[in-house]
Amino acid sequence: MIDADYERLSPQFGPMVKRMQTLKVKKIWQEENKLVVDFGQVITVRIRITATFKKDVDIKIEHSETLDQDGRFFKNIIGRNKDQEDHVIGNGKLATFEPDFTYHGFRYIRITGLEQADIQDLNAIVIFSNMKRTGEISTSNQQINRLLQNIKWSQQGNMLSIPTDCPQRERAGWTGDMQVFAPASTFYYNTENLIRRWLKNVRIDQQKDGEIIDYSPALASFYQSTLDFKGSLSSAGWGDAIIMVPWTLYQRYGHKEILTENYAAMKKWHNYSVKSAAGDKSGINRYIWDTTFHYGDWMLPSMMIGDPNPMKTATATKDVVATAFLAHSADLLAKISNVLGENGDEYTAYANKVKQAFVEKFVKEGRLTSDYQGCYVLALAFDMISDTNTRKKLLSRLVELIHNNHDCLDTGFVSVPYLLDVLVNNGETDLARKVFLKNKCPSWLYEVDHGATTIWESWAGIQPDGKTGTFSFNHYAMGCVLDWFIRKVVGLNEIKPGFKEVEIKPQIKGIVDDFQMKYLSENGLFTIKLLNGKYEFTIPEGCKAIVYLPDSASFLKKYPETKAQNTGIIVKSGTYQWEY
Numbered sequence: 374m375i376d377a378d379y380e381r382l383s384p385q386f387g388p389m390v391k392r393m394q395t396l397k398v399k400k401i402w403q404e405e406n407k408l409v410v411d412f413g414q415v416i417t418v419r420i421r422i423t424a425t426f427k428k429d430v431d432i433k434i435e436h437s438e439t440l441d442q443d444g445r446f447f448k449n450i451i452g453r454n455k456d457q458e459d460h461v462i463g464n465g466k467l468a469t470f471e472p473d474f475t476y477h478g479f480r481y482i483r484i485t486g487l488e489q490a491d492i493q494d495l496n497a498i499v500i501f502s503n504m505k506r507t508g509e510i511s512t513s514n515q516q517i518n519r520l521l522q523n524i525k526w527s528q529q530g531n532m533l534s535i536p537t538d539c540p541q542r543e544r545a546g547w548t549g550d551m552q553v554f555a556p557a558s559t560f561y562y563n564t565e566n567l568i569r570r571w572l573k574n575v576r577i578d579q580q581k582d583g584e585i586i587d588y589s590p591a592l593a594s595f596y597q598s599t600l601d602f603k604g605s606l607s608s609a610g611w612g613d614a615i616i617m618v619p620w621t622l623y624q625r626y627g628h629k630e631i632l633t634e635n636y637a638a639m640k641k642w643h644n645y646s647v648k649s650a651a652g653d654k655s656g657i658n659r660y661i662w663d664t665t666f667h668y669g670d671w672m673l674p675s676m677m678i679g680d681p682n683p684m685k686t687a688t689a690t691k692d693v694v695a696t697a698f699l700a701h702s703a704d705l706l707a708k709i710s711n712v713l714g715e716n717g718d719e720y721t722a723y724a725n726k727v728k729q730a731f732v733e734k735f736v737k738e739g740r741l742t743s744d745y746q747g748c749y750v751l752a753l754a755f756d757m758i759s760d761t762n763t764r765k766k767l768l769s770r771l772v773e774l775i776h777n778n779h780d781c782l783d784t785g786f787v788s789v790p791y792l793l794d795v796l797v798n799n800g801e802t803d804l805a806r807k808v809f810l811k812n813k814c815p816s817w818l819y820e821v822d823h824g825a826t827t828i829w830e831s832w833a834g835i836q837p838d839g840k841t842g843t844f845s846f847n848h849y850a851m852g853c854v855l856d857w858f859i860r861k862v863v864g865l866n867e868i869k870p871g872f873k874e875v876e877i878k879p880q881i882k883g884i885v886d887d888f889q890m891k892y893l894s895e896n897g898l899f900t901i902k903l904l905n906g907k908y909e910f911t912i913p914e915g916c917k918a919i920v921y922l923p924d925s926a927s928f929l930k931k932y933p934e935t936k937a938q939n940t941g942i943i944v945k946s947g948t949y950q951w952e953y
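With the numbering used here, letter number 142 in the sequence shown gets 515, and the count goes up by one each step, no holes.
The hints are simulated quantities; they were obtained by calculation from the structure and are not laboratory data. Keep in mind the model is a prediction, meaning the values are calculated, not measured. C-beta: ideal position from N, C-alpha, C; glycine also. Accuracy of the hints is not assured; some may be wrong.
[Said to hold, decoys possible] Ranges between beta-carbon positions, derived for each pair: (1) Gln-597 to Asn-574: 39 to 49 Å; (2) Lys-930 to Lys-813: 39 to 49 Å; (3) Lys-455 to Val-712: 27 to 37 Å.
[To be verified] In silico EDC-like cross-links for lysine to aspartate or glutamate, where the CA-CA straight-line distance does not exceed 16 Å: (4) Lys-726 to Asp-756; (5) Lys-945 to Glu-934; (6) Lys-878 to Glu-952; (7) Lys-407 to Asp-473; (8) Lys-936 to Glu-876; (9) Lys-840 to Asp-443; (10) Lys-573 to Glu-584; (11) Lys-648 to Asp-663; (12) Lys-734 to Asp-744; (13) Lys-873 to Glu-909; (14) Lys-428 to Glu-488; (15) Lys-878 to Glu-934; (16) Lys-428 to Asp-491; (17) Lys-882 to Glu-801; (18) Lys-448 to Glu-471.
Just need the whole structure built from these sequences, with the hints factored in.
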């Protein structure tokens, strides 16, 4: 019993969890004396079954996201919280069972103790937070459509009251997952209030020394078990969510309150990071964050295929990754301070010292000491290198590593969101296209080709030889590619917070022939479509756009009310079209 008064209570904030959809059975068959049911989609739900439950028989209902390589029911979750089971003790009468305060992540169920003739009705009840729908997109490429739908399904399944990593195992608010997926999360749904509510939990769980723990809200058992596992409660790239996620929400929705609410916690995390990195070291070493455990570029694909070893990925990349995030978060904190009318110069100065130390410590003869794709991606994405020639060498090495990997990605958990941007922004558009369209493992379309209906935790959840792994098949993090697709392929980018001013700049052709997109921003509905070679976009009333076209002269002639600005064209609200 908690000894507290009513002052500790606060009203519900953010979207409520509701029944959002009902899925019917796609297929049902028998394995030995058990029934296996396929709902056709990996989902976060509970079942509703109306049946005659045999008297005093323990009816067991097991849940799984995948079948094994032989097409048989397979429990893909091992370790903690592995048993996704419901039990019903029958009374010999017709009854309806739908468990309260329960949900599972699954596509398949296995029922022991019932025969198919006993079942009158069986459905899956999809539940998630009732967020406002804001985005729609479809393309002429059915594989890409499936990928985009997989991202949406994973988002729905992992935004049930809090943003979770997966719906069948931890069901925990991992900071790293949210940091990676936050930009993409704002497309299909308005996630502002759901994430703001979660950030309140993150702040409550923040330690006195400023440490942001790995996930919030945390179980009582989290603290000792995490210390036993890795010796600390936080990690770079995970704890940085307290800075990066509010910044993303501010950019997408334009409300300074999200920055104000978290500003004190941001500064505390920064101070903790600075002290942790410095330790008892001297000189430039004070700016290298190698004093504690970090997840690094977690689950780097080449170390997870065949003989999975995520801890090996941490050991190989943690110091470079942690130091890069140390600088990046300081840069962001400077920007946030300036937005809030505070002086951010100290954070900029600190970031510059970290970057200088990064170069001296980790750049050797045009390569990084951690010679992995993701480390190069973060070094370039976070502007860790100021020297142009050195940047060119690092980019060249990144391209070489991708080619050596058959033009497949080999980026881990925290670098994947930046990979394709780094390539496009540095003139490697053709390579970005190849990487995105690959269907060889590891790639987004490999998952689609292997029957994925959500985003997998591991790129090789199903190995090329068909073997099914004991991973989650519903983690939204690698769905971060949705944000890149909207910005670089469709061409919609916010310039001013809340999409008050946008940039229309499609930068990569050849991904799809046609597409249609709608996005309801805080300042109105944007539509962009490519159909039969014509690119058309609509800017809502009160907003403006800077448009970048290959033939600006003809566009200016067609729309004389627009005007040129440097290399772009300023347009106000209305609908515009040009030959793509």
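Quick rundown of the hints versus the structure:
Checked against the hint of 39 to 49 Å, the pair Gln-597 and Asn-574 fails, with Cβ atoms roughly 20 Å apart. Checked against the given bound of 39 to 49 Å, the beta carbons of Lys-930 and Lys-813, roughly 46 Å apart, stay inside it. Hint check: Lys-455 to Val-712, Cβ distance near 45 Å, so the stated range 27 to 37 Å is violated. For the hint linking Lys-726 to Asp-756, the alpha-carbon distance of about 13 Å falls within 16 Å, and the restraint holds.
Restraint check: the Cα-Cα separation between Lys-945 and Glu-934 comes to about 9 Å, which is no more than 16 Å; the hinted pair holds. The suggested pairing of Lys-878 with Glu-952 holds, with an alpha-carbon distance near 14 Å, which does not exceed 16 Å. For the proposed pair Lys-407 and Asp-473, the alpha carbon gap of about 24 Å is over 16 Å, so the pair is violated. The hinted pair formed by Lys-936 and Glu-876 meets the criterion: a straight-line CA distance of about 14 Å does not exceed 16 Å.
For a cut-off of 16 Å, the pair hint linking Lys-840 to Asp-443 stands: about 9 Å separates their Cα positions. Taking the CA atoms of Lys-573 and Glu-584, the gap is near 15 Å; set against the 16 Å cutoff, the hint holds. Between Lys-648 and Asp-663 the CA atoms are separated by roughly 12 Å; this keeps the pair inside 16 Å, and the hint holds. As the CA atoms of Lys-734 and Asp-744 are separated by approximately 13 Å, the hinted pair is consistent with the 16 Å bound.
Our distance criterion of 16 Å between C-alpha atoms is broken by Lys-873 and Glu-909, whose separation comes to about 19 Å. Only pairs whose Cα atoms come within 16 Å are accepted, and Lys-428 paired with Glu-488 is accepted, the gap being roughly 14 Å. A threshold of 16 Å between alpha carbons decides the hint, and for Lys-878 with Glu-934 the separation of about 20 Å lies outside it, so the pair is violated. Taking the CA atoms of Lys-428 and Asp-491, the gap is about 12 Å. The hint holds against a cut of 16 Å.
A threshold of 16 Å between alpha carbons decides the hint, and for Lys-882 with Glu-801 the separation of about 13 Å falls inside it, so the pair holds. The hinted pair formed by Lys-448 and Glu-471 fails the criterion: a straight-line CA distance of about 22 Å is larger than 16 Å.
The earlier numbered hints that this structure contradicts are 1, 3, 7, 13, 15, 18.
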